[in-house]
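Engineer: Given next are the chains, with one letter for each unit.
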Amino acid sequence: MSEEVLQQAAPGLIPGSGTARAAKPTRLSPSFISWLQAGPMMLVFLAFFLIPLVFVVIVSFWDYNEYQLLPAFSGRGYTDTFEGCIAQLPELCTIAKTYLKTLKLCFLVWAITLFIGFWVAYFLAFHVKSKTWQMGLSLLCTIPFWTSNVIRMIAWIPLLGRNGLVNTGLMKTGLINHPVEWLLFSEFSVVLALVHLFTFFMVVPIFNSMVRIDKSLIEAAYDAGASGFQTLVNVIIPLAKPGIVIGSIFVITIVMGDFITIGVMGGQQIAAAGKIIETRVNALQFPAAAANAVILLAITFLIITMMSRIVDIKKEL
Amino acid sequence: MKEGRPRSFYVLAIFFAAYVLFLYGPMIAIYVLSFQGPQGGLTFPMNGVSTFWIAKLFQGTGIVDLGAAFRRSLLLGIVVMIVTVVLSVAAGMAFRRKFKAQSILFYSAIASLIVPSIITSLGISLEFRIIDDLIKAHWNENFETSMGLLTSGLGAHLTWTLPFGLLIMFAIFNRFDPRLEEAARDLGATPWQTFRHVVLPIILPSVIGIGLFGFTLSWDELARSSQAIGAVNTLPLDLQGLTTTVTNPDIYALGTVISAVSFTVITLALGTIHVLNKRQAAKGSDAGKGLV
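Those sequence lines, one after another, are chains P and B. Just so you know, we're using numbering that gives the first Met the number 0 here: the first sequence kicks off at 0 and counts up by one. Just so you know, we're using numbering that gives the first Met the number 0 here: the second sequence kicks off at 0 and counts up by one.
Keep in mind the hints are simulated off the structure, nothing from the lab. Treat each hint with caution, since some may be false.
[Said to hold, decoys possible] In silico SDA-like links for lysine to any residue, alpha-carbon gap of 20 Å or less:
no., chain 1, residue 1, chain 2, residue 2
1, B, Lys99, P, Leu69
2, B, Lys97, B, Asn173
3, B, Lys135, P, Leu69
4, P, Lys128, B, Ser7
5, P, Lys240, P, Asn281
6, P, Lys240, P, Arg308
7, B, Lys99, P, Leu42
8, P, Lys130, B, Lys99
9, P, Lys214, B, Leu11
10, P, Lys128, B, Arg6
11, P, Lys240, P, Ser215
12, P, Lys96, P, Tyr77
13, B, Lys97, P, Leu42
14, P, Lys128, B, Lys282
15, P, Lys96, P, Ile294
16, B, Lys277, P, Phe125
17, B, Lys282, B, Leu149
18, P, Lys240, P, Met305
19, B, Lys282, B, Lys135
20, P, Lys96, P, Val234
21, B, Lys97, P, Glu82
22, P, Lys130, B, Arg278
23, P, Lys130, B, Lys135
24, B, Lys99, P, Met41
25, P, Lys100, P, Glu82
26, P, Lys130, B, Val274
27, P, Lys214, P, Lys240
28, B, Lys99, P, Tyr77
29, P, Lys130, B, Ala281
30, P, Lys100, P, Ile294
31, B, Lys97, P, Gly38
32, P, Lys214, P, Met305
33, B, Lys282, B, Phe175
Next comes chain P alone, as it looks inside the complex (with noise of 0.2 Å):
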C-alpha cells in the first residue's frame, strides 16, 4: 500500500522489474504511509482554509485607519458594523436591515430550489427507468455546472431588460404599454438568477439518497393500500430527507455568503451580509471587513448545526 512512497523513493522504478523490489526488507509503517497520502492536501486546507480563518477573527479584533491595518486590540469593528443599532431603536439599524433582507433572499432561493430540485430528482430517480436516459438526463442537468456563473447571470439581461425579449413579447400582444422596470436589476432578477445557478446543488444530494431508496418499499406501500401522496408523504420524503438537507444546507450557505449574484444581478444596489463584506475590503477597512466575516460565519454555522441535527452527514456520503 504504499504506492506514493515508492514513487516518490524510486521514481525511475520500471514496471515489470519488481521482483527485486518485492524482496526489499524495510516497509514502511501504514500510518506513516497514510500521513504521506493525506497530508500534502491536510497541508493545503491548513495554509489556505484554516489559518486564514484563524486570521479572520484575529483581525476582526484589530484597530484600523484610512488606509492600513493597526495590530492593536480594539472592538471597533464590530461597534462600527453595529452602530447605531440601540440608539434607533425601535427602528432596526443598518446591519439588521440587511441581515433580514439576506435571510429572505435565502429563504425564497432555498423554498424554490427546494421544490424544483425536488420533482426534477423524483423524475430522474423514478419515471426515468432505463439506465442510459437517467445518465443523460443527469449530464444534461450538470453541463451548466460546468460553466461559468457570470455568464448564466448576464445571459438574463437580453430576456429581462427594457428592450428585451420578456418586455417586447408583453408589449406587442399588450398586455402592458410600458416596458416593465422590476424584472433587471431588482430583488426579483436575483432570486431568479440564484435559482438558475444553485438549483443544481439540492438536484444532485436529492437524486442520490432517492436511487438509493429500496423500489420494493414502495411496492409494499402500494399493496398496503397506500395512495400516491400518502407513499410521497410517508415513505419517499422520509427516505430522501438526507439528501434535502444536504442540499438545503449547500442553498443556504451560498445564497447567506453571496455578493457576486446578488451585485450583478442587483444592480449592485441591494445590501446584503456579503456585500458588505466586500464594500468594507473595497474601502480598506479590513478589521470591519473581518468582523462582518464573523458574523456571517456564526450566523451560517447556527443554520448548519440546526439542520444537522436532522441528519448524520458523514453516514450519508
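Given chain P, work out where chain B should sit, using these hints.
Structural biologist: For chain B alone, coordinates are given in the frame of chain P:
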C-alpha cells in the same frame, strides 16, 4: 407485460423539460447575440450576423486585455487540475484505511466547501497581507507582495476544488472491489505495481472526472479569487468587471469565448471517460464502472 406510463410521468416530464429550457435558454440567447452585426445592440432582434465582436476581443483593442487574462486563467486552471487530481487520489487512497486525523481532514474538506467563499477569500488575503508586512519589517523593505496567481490564487482555488475531488474519490472507492488488489498482491506485485497496473486503470475514468471538476471549477471561479488573486485578474473577474458598464455585445462575445473553452474541456473529458469505460467493458472488469 407492458404497463402504460402514469399521468404523473407526463406532468413531471413536462416539468423537467421546462427546467432544462430554463437552464439552457438564457445561455443560448447570449451565444446567439455574440454574433451580432457591428451595429447590433445588447438585445434581440439581431442586427445582421458577424464575428465582429469576437474578432474585436482578440485584437486586444477592446475593453480588456483578453489575451493576458485568458493565458492566466488557463495556466491557473491547468495547475489547479493537476494538483487536485494528485492530492485527491493520494488522500482518497489514505481514507481506505483508518488513520489519525482522518475526521479532521474530512471535516476540513466539508467546511471548506460550505464556508461562504467571501470569508475564505478574505482570510487568504489577510494572511498574505500579514506575511507581506512581516517580510517588509524584518527582511526586505522593498518587498512588493507574495500574493499572486500561483500563490494565494492557487490556494484559494484549491480550497474549492479539493473537497469535490475528495468526495468523488469516496464515491469511487465505495464501489471498488479490494479483492482485485489482493489478487495482484498474491501474484507478487509490489504496492506501486498494484496501484499502477490494477487500481489506477480501474479508477481512471473517475480520475479524469476529478480533473474535469478541477479545471472547470477553477476556470469559472470568481468568489474565492475576488479578494485573494492579487493585482492581476482572471478571465471571470474581468467579465464581472464588465457587467457594470455593459454597452455593447463584446461582453457576450467574451462570455461565448469562455464558454467555448469550458465546453471543449467538458467534451474532451466526457469523451475520454466514455472511451475508457468502453475499453474496460470490452476487457472484462466492471469494478470501476459507472460514476462521474
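Engineer: Work down the list of hints and note, for each, if the structure agrees.
Structural biologist: Verification of the supplied hints:
For the given pair, Lys99 (chain B) sits about 39 Å from Leu69 (chain P) by alpha-carbon distance, which is inconsistent with the 20 Å threshold. Using a Cα cut-off of 20 Å, the hinted pair Lys97 (chain B) and Asn173 (chain B) holds, with the two alpha carbons roughly 15 Å apart. Between the alpha carbons of Lys135 (chain B) and Leu69 (chain P) the distance comes to roughly 15 Å, so the proposed pair stays at or under 20 Å and holds. With a C-alpha separation of about 14 Å, the suggested pair Lys128 (chain P) and Ser7 (chain B) falls inside the 20 Å cut-off, and the hint holds.
Our distance criterion of 20 Å between C-alpha atoms is broken by Lys240 (chain P) and Asn281 (chain P), whose separation comes to about 41 Å. For the given pair, Lys240 (chain P) sits about 12 Å from Arg308 (chain P) by alpha-carbon distance, which is consistent with the 20 Å threshold. Of the supplied pair hints, the one linking Lys99 (chain B) and Leu42 (chain P) holds, its CA atoms being roughly 15 Å apart against a limit of 20 Å. Between the alpha carbons of Lys130 (chain P) and Lys99 (chain B) the distance comes to roughly 39 Å, so the proposed pair goes past 20 Å and is violated.
For the proposed pair Lys214 (chain P) and Leu11 (chain B), the alpha carbon gap of about 19 Å is at most 20 Å, so the pair holds. Of the pairs offered as hints, the one joining Lys128 (chain P) and Arg6 (chain B) holds, with about 16 Å between alpha carbons and a cut-off of 20 Å not exceeded. Of the pairs offered as hints, the one joining Lys240 (chain P) and Ser215 (chain P) holds, with about 19 Å between alpha carbons and a cut-off of 20 Å not exceeded. Pair hint Lys96 (chain P) plus Tyr77 (chain P) holds up; C-alpha atoms about 16 Å apart against a cutoff of 20 Å.
As the CA atoms of Lys97 (chain B) and Leu42 (chain P) are separated by approximately 19 Å, the hinted pair is consistent with the 20 Å bound. For the hint pairing Lys128 (chain P) with Lys282 (chain B), the CA-to-CA distance comes to about 27 Å; that exceeds 20 Å, so the pair is violated. This hinted pair checks out: Lys96 (chain P) and Ile294 (chain P) have alpha carbons roughly 14 Å apart, not beyond 20 Å. Pair hint Lys277 (chain B) plus Phe125 (chain P) does not hold up; C-alpha atoms about 27 Å apart against a cutoff of 20 Å.
About 41 Å separates the Cα atoms of Lys282 (chain B) and Leu149 (chain B), which puts this hinted pair outside 20 Å; it is violated. The straight-line distance between the Cα atoms of Lys240 (chain P) and Met305 (chain P) is roughly 14 Å, inside the 20 Å bound, and the hint therefore holds. Using a Cα cut-off of 20 Å, the hinted pair Lys282 (chain B) and Lys135 (chain B) is violated, with the two alpha carbons roughly 60 Å apart. Annotation: proposed proximity of Lys96 (chain P) to Val234 (chain P) is violated, straight-line Cα distance about 40 Å (limit 20 Å).
Our distance criterion of 20 Å between C-alpha atoms is broken by Lys97 (chain B) and Glu82 (chain P), whose separation comes to about 50 Å. For the hint pairing Lys130 (chain P) with Arg278 (chain B), the CA-to-CA distance comes to about 19 Å; that is within 20 Å, so the pair holds. For the given pair, Lys130 (chain P) sits about 60 Å from Lys135 (chain B) by alpha-carbon distance, which is inconsistent with the 20 Å threshold. A threshold of 20 Å between alpha carbons decides the hint, and for Lys99 (chain B) with Met41 (chain P) the separation of about 12 Å falls inside it, so the pair holds.
Distance restraint check for Lys100 (chain P) and Glu82 (chain P): the Cα-Cα separation of roughly 18 Å lies within the 20 Å cut-off, and the hinted pair is therefore satisfied. A distance of roughly 18 Å separates the Cα atoms of Lys130 (chain P) and Val274 (chain B); the hinted pair therefore holds under the 20 Å criterion. Distance hint between Lys214 (chain P) and Lys240 (chain P) is fulfilled; the C-alpha atoms sit about 17 Å from each other, no more than 20 Å. Restraint check for Lys99 (chain B) and Tyr77 (chain P): the C-alpha separation of about 38 Å exceeds 20 Å, so the hint is violated.
Straight-line distance between C-alpha atoms of Lys130 (chain P) and Ala281 (chain B) comes to about 19 Å, which keeps the hinted pair within the 20 Å bound. Among the hinted pairs, Lys100 (chain P) with Ile294 (chain P) is consistent with the structure: their alpha-carbon atoms are about 15 Å apart, no more than 20 Å. Note on Lys97 (chain B) and Gly38 (chain P): the hinted pairing holds, with a Cα-Cα distance of about 14 Å set against a maximum of 20 Å. A distance of roughly 31 Å separates the Cα atoms of Lys214 (chain P) and Met305 (chain P); the hinted pair therefore is violated under the 20 Å criterion.
Restraint check for Lys282 (chain B) and Phe175 (chain B): satisfied, since their Cα atoms lie roughly 17 Å apart, inside the 20 Å limit.
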